[in-house]
Every structure is written in structure tokens, then in C-alpha cells.
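S.K.: One letter stands for each residue in the lines below.
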Amino acid sequence: MKPRGLLSRIALALGLVFLYVPIISMIVFSFNNSRLVTVWDAAHSPTLKWYGVLLHNEQILTAAWLSIRIALTAASAAVVLGTLAGVALARFGAYRGRMLLAGMVTAPIVMPEVITGLSLLLLFVALGQLIGWPKGVGAVTIALAHITFCMAYVTVVVQSRLAGFDESLEEAAMDLGARPLKVFFRITLPLILPAIASGWLLAFTLSWDDLVITQFVAGPGSSTLPMVVFSKVRFGVTPDVNALATILVLLVATGIAISSLWMRYQQRRRERDLQLAAAANL
Amino acid sequence: MSSQATPAAPPAPASGPDSAYVRIRDVSKKFGGITAVDHVSLDIRRGEIFCLLGGSGSGKTTLLRMLAGFETPTAGTIEIDGQDLSRVPPYERPVNMMFQSYALFPHMSVERNVAFGLEQEHLGRDAIRRQVGEILEIVKMSGYGARKPHQLSGGQRQRVALARALVKRPKLLLLDEPLAALDRKLREHTQFELLNIQQRLGVTFIVVTHDQEEAMTLGTRLGVMNRGCIVQVGTPSDIYESPASRFVADFIGSVNMFEGQVYANGADGLCIRSADLGCTVRAERAAGCPRGATVWAAIRPEKIQIARAAAGTAAAPAENLVAGTVREIAYMGDTSIYLVRLDSGSMLRVTLPNVLRGAEGPIAREERVWLSWHGSSPVVLTE
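Keeping their order, the protein sequence lines are chains A and B. Each step along the first sequence adds one to the number in this note's numbering, with nothing skipped, and position 277 is 277. Each step along the second sequence adds one to the number in this note's numbering, with nothing skipped, and position 294 is 294.
Be careful, since some hints might not be right.
[Stated by the list, open to error] Now the in silico label distances, taken between C-beta atoms and shown as ranges: (1) B:Asp126 with A:Thr205: 40 to 50 Å; (2) A:Leu123 with B:Ala127: 31 to 41 Å; (3) B:Ile34 with A:Ala13: 52 to 62 Å; (4) A:Met99 with B:Leu201: 44 to 54 Å; (5) B:Thr382 with A:Leu181: 49 to 59 Å.
[To be verified] Computed footprint of chain B on chain A; a stretch qualifies when at least three of its residues, placed anywhere within it, have a C-beta under 8 Å from a C-beta of chain B: (6) 165-177; (7) 184-194; (8) 270-277.
Everything labelled a hint here was simulated from the structure, so no lab data went into it. Because the structure is a prediction, the values reported are computed rather than measured. Note that beta-carbon positions come from the ideal geometry of N, C-alpha and C, so glycine has one too.
My request is simple: use the sequences and hints to build the entire structure.
M.R.: The following block contains the structure:
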């Protein structure tokens, strides 16, 4: 889209400034030599000092590794459960308890995180007393909690994808002799794979940066990266947090760039195919 | 498991060419409080193309989906070749369907699409490849096996869908509005090709359509549906020339219909006096009707002659002859449609072929004309 006229140029500039100036200033300050976050040490900057400090910070590295493991587990489990729930809601027609399922599945999206976190903590404690599992709070309970709320988002994504595609594809497969389970794995699953993939990415990012729910269900020795960053910031922002944040921004930006390039490539290819098909009209 | 896997069994004695191959007995389907299909009974013969014709909401699609197994009848039975299929799931029926949207699997190539049905029967890879090749040959899509559905044109997709539905050699092929997604030129071409393929393979076809032209050219027999019921079954010419009710007469083609009273009932036909029409209609081919009964006379627009002067001597009181003024002329190329206002005030529609090129002295608007028709043309309808 071309910005036309002065007004739209100004709007574009303002938008970009609001969105990106905070991030850019954070990136710039991550190369600051000064110990004080807000004071620019012109004499010795830029420097990679804080990146080096970061690499030797055992606490941050451990937390980052834990966060990655939890996010991977939570996203993968949430994708399985969320897909099943999405299929049940979009394809099984009307059945007893459908409304209840629809409501319960999307509850974590609308519920305040504090409440979700608190109720999960109560559940885990009660379960621990009743059946002896889970034993205390820690990485396992964090993962369980993350699965719970990530699943809701996956369900919504999968359900809307299923609602958008032609049910006669599944009927055609059944008509050709495939049993329902086979129809699911050969037809439905491949077709909703893009939705499942984006659901997984969404779940991964949600789990990766969740703080509120995590704090309720975390235990000693199970601090995730957002918890560590948050506790560091409470004692004043140190420049190595800037460095950490810059690395995260870089990772996310690369991921987005790759996926949008891929999508544009797919789009071009599809348009070319459609033109070819139209030209070959019999 | 699938009975389609078995090679063509010797025909059971009950399924000769004339007896019912598909037997629908008193089938009803209710969705909640709504009756979509209402006590339908229908016999379909082996090797014929049967067209279910009806408007939207007439229940034709629901009936088709019950034949495919996607819906279970609320009551009644469906038998194919002597086998009761009413409760058999779609994946175990010797029936295949061509969907209106074609429903080609977008993530599979043409070849994989067509092979899908055969793979479910666990045939060997060579057998599958051979059969897929054969059927793609028949639908003239041999060179396109590696393409994906979105790389095909509408007509090509239709052929692939047909090949996919036929490759398992079903006992019955269901086609849901098979030509609806094609443009006009392509439709005509495809129509004849479909007939050709059907004759070559001898598969029984049931076609659902709302398009009467499609139904007339494709079908060996038609079943007209209205509000969940079959209102008439017959050959295309039966239905067009001898409709059983006002609904059918009006639904198929266009028709001039006038209410009137029977006043004579003799050997030379039924005489109807119609105030709407302003003349007497004598219908030579009409079943007996009591005198005084209220009936409707239906006359097709192409069966009416138009002339500047009254035909013959107007000595006897005019029968099947009426005067009027031309109000509109629509030139269609091959034919012209004349809308004539009769002296009684009613409008009559007349279709004439444009036989001569640039005929001299054509009938013009606002000209006074005489309309007449042969005594065999009017159809007398009582309901």
C-alpha cells in the first residue's frame, strides 16, 4: 500500500514511532557501557560487554533453558488436546454437553490470569494431598498450567479453520471407502495443518512469556525466564536485561521474517497456478 | 469389507433390465420438526440415468444424501441390487458420489485423488496405477495426473471428480448438480460426454438438479420433487407434454394456464369454457372429467400459432381460437417470444421459431392477431 497524501504519511510515521522507538532505544542501550541504564557512556560505547555478562549468568541461562523446555512441552501437548477439542466442536454436530465444552474450552481466554493461576494452584495442592501427585509445585505444574490455557487458543484457531472448509471433502473420502479415523488422518489433519502449526507457535509464545499464572504454580528452583527478568527488574533495571531482551527481539523478528517470506512465496505460487489453470480452460 | 471390491457378481434374478435395481420404499427424513423427505417410493432401473428435479428445499438433495449414506432415513428402506442399505455407513456402500463442489482433495495430485478410493480396498500398487490410468483415459485427463486440483480449470476438475467417483465401478453413481459450476458452452459439451461415459461403463446414474434443461437432456427418466414428495415420474417427454399437475406444468418449461369449467364431455374430447381465456378450449387428449368440474387448461407457448386473420371461416363458435393485441416481442435469435393481451384481459405467451432470415412484414407490437392451437395441445389438469 502506498501512503497517499500528507495525512497518511504522518499517520504512518507516528505509528512506526509508537511501535518501534521503545524497542530501538532498548536495543541501543544494550550496547551501552555504563552501569546505569539511563546514562549513555559515549566514551566507551558501543560495547558487547553485557552480552558477555549474560553468557556467564548461570541463573538466566538455567531459567531460559527451563522456559524453552516448558514452552515446547506445553505447545505440543496443547496442540494435541486443542485440535481434538476443535474437531469435536466443529464437526460432531449437536450433542449433549457441547455448549458446556465450548464454554469451558474458551474460559481461560476470558478469565483473568490471576484467577486461572489461583484455581490451578488450589487444584494442584488438593490433588497432591488426595492422590500424592503432583508432588509439590515446580516445572511439572507450570507445564500443566500452560497446557491448560494454551489449549484454549489452539482450539479456537483449529475450530475456525474447520468451520471455513468444505465438509464435503470429508464426506467424499468417506464415500470412497475411508473409515472415519482414516478420514481424519488422511484428509482433515493435512488440511488443518497450517492452523495447527500457527496454533503451536501461538501456544509456544504464550507459554514462553507467561508470568502471572506461572508465578502461582511455580516452586523453589523452578523460575522461568520471565520470572527471573521480572525479579531482576524489581531491583532496578540492569543493562544485561537489555541485552537479553535484544536477543529475544532478534529471535522473534527472524522467525516472523522467515514465515512471512514463506507465505509470500506460497501466495505467488498459488496465483501463478491459478493463472495457468485459467489459461488452459477447456 | 466393501462389497465394491468383489468383481461384478452375476446379476440376481430380481435385477433384470426392467425391474427395480434401486428400490426406495416409503422413505422419510425429518430434521427436528421439519420433514425434508416425505414418504418417497421410487424404483430405478439398472443402467438408466434418473434425474431428480426440484427447486431448493424440495428434498432432492436429502434423498441423494440418504442414498449415499450421509443421512439415515427416519423411516423406510433403501435397497440396491437386492441389498438393504438403509443402515449401512457410506464407506461400506457400493455407491459413489460426485459432489457439487467436486470436493477434490486439495493436498493430493489428480492421480492420488483418483487412487484414494482404490487404496481403501487395499489393491496392489500396479492394479491401482492401471485402473487410475484407464479411468483418466476415459475422462480425457491422461496428461494431468501430477497436477494439483488448483492447477486445473473448472471443466478439468469436473472430469477428475467424475473419474474419482467412477474408478471403483460403483453399482450406483450419484451426481449432485454435476454441471452447475460450469459455464454455458462447456455445459453442453460436458453433458454429451457424460452420457457417452455412462453408456460406455453402464453404471446407473442418479442426478440431482434444479436445472430442467440439464434434467431433460441427461435423464432417461425424471422424478419431479416438491416439498419432499415425488410429484411425477416419467420420461422427459412424458413430463413436458403430459404434466400431471399444475406444479409440474409450471415447473418444467413455460406454460399458459387458464382456469375453466368442463361443459361437454364427448368422444371428441373435453370442452372447457374459460372466462379468463375468453374462448372455448377443446382438448382432444384428456381423461374423462365430470361436467361442471373446475379444471385448468395448460398450453405450451410453442404450440400456439399466431396469424393476422382468423383461420378458416368463423362460422362455428370459435374453439381453440382467440384474438388479442401484441404487447411485447422479445427477440431471442432462434425464437421470438410474443406477449399477447387477450380481449379478456389475460396475457398469453407465444413462442415462434424464426424460420426465415429477415422475414418480410413481421408481426409488430400493438398489432391485432389471432391465436390458435391444435386440439391435441391443451393439457387438462385437475390439481
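S.K.: Does the hinted range 52 to 62 Å hold for Ile34 of chain B and Ala13 of chain A at CB?
M.R.: Distance hint for Ile34 of chain B, Ala13 of chain A holds at roughly 58 Å.
S.K.: Please count how many residues of the segment 165-177 of chain A have a CB within 8 Å of a CB from chain B and say whether that reaches 3.
M.R.: holds (count 10)
S.K.: Given the range 31 to 41 Å, decide if the beta-carbon distance of Leu123 of chain A to Ala127 of chain B lies inside it.
M.R.: 56 Å, violated
S.K.: Given the hint of 40 to 50 Å, check if Asp126 of chain B and Thr205 of chain A actually sit that far apart at their C-beta atoms.
M.R.: At 49 Å between Cβs, range holds.
S.K.: If I claimed the Cβ atoms of Thr382 of chain B and Leu181 of chain A lie 49 to 59 Å apart, would that claim hold in this structure?
M.R.: 55 Å, holds
S.K.: Are there at least three residues in the segment 184-194 of chain A whose beta carbon sits under 8 Å from a beta carbon of chain B?
M.R.: holds (count 4)
S.K.: Taking 8 Å as the Cβ threshold, is the statement that the segment 270-277 of chain A is covered by chain B upheld or broken by the three-residue rule?
M.R.: holds (count 5)
S.K.: Starting from the hint 44 to 54 Å, judge whether the C-beta atoms of Met99 of chain A and Leu201 of chain B obey it.
M.R.: For Met99 of chain A and Leu201 of chain B the Cβ distance comes to about 48 Å; the hint holds.
In the structure shown, a violation is registered for the earlier hint numbered 2 alone.
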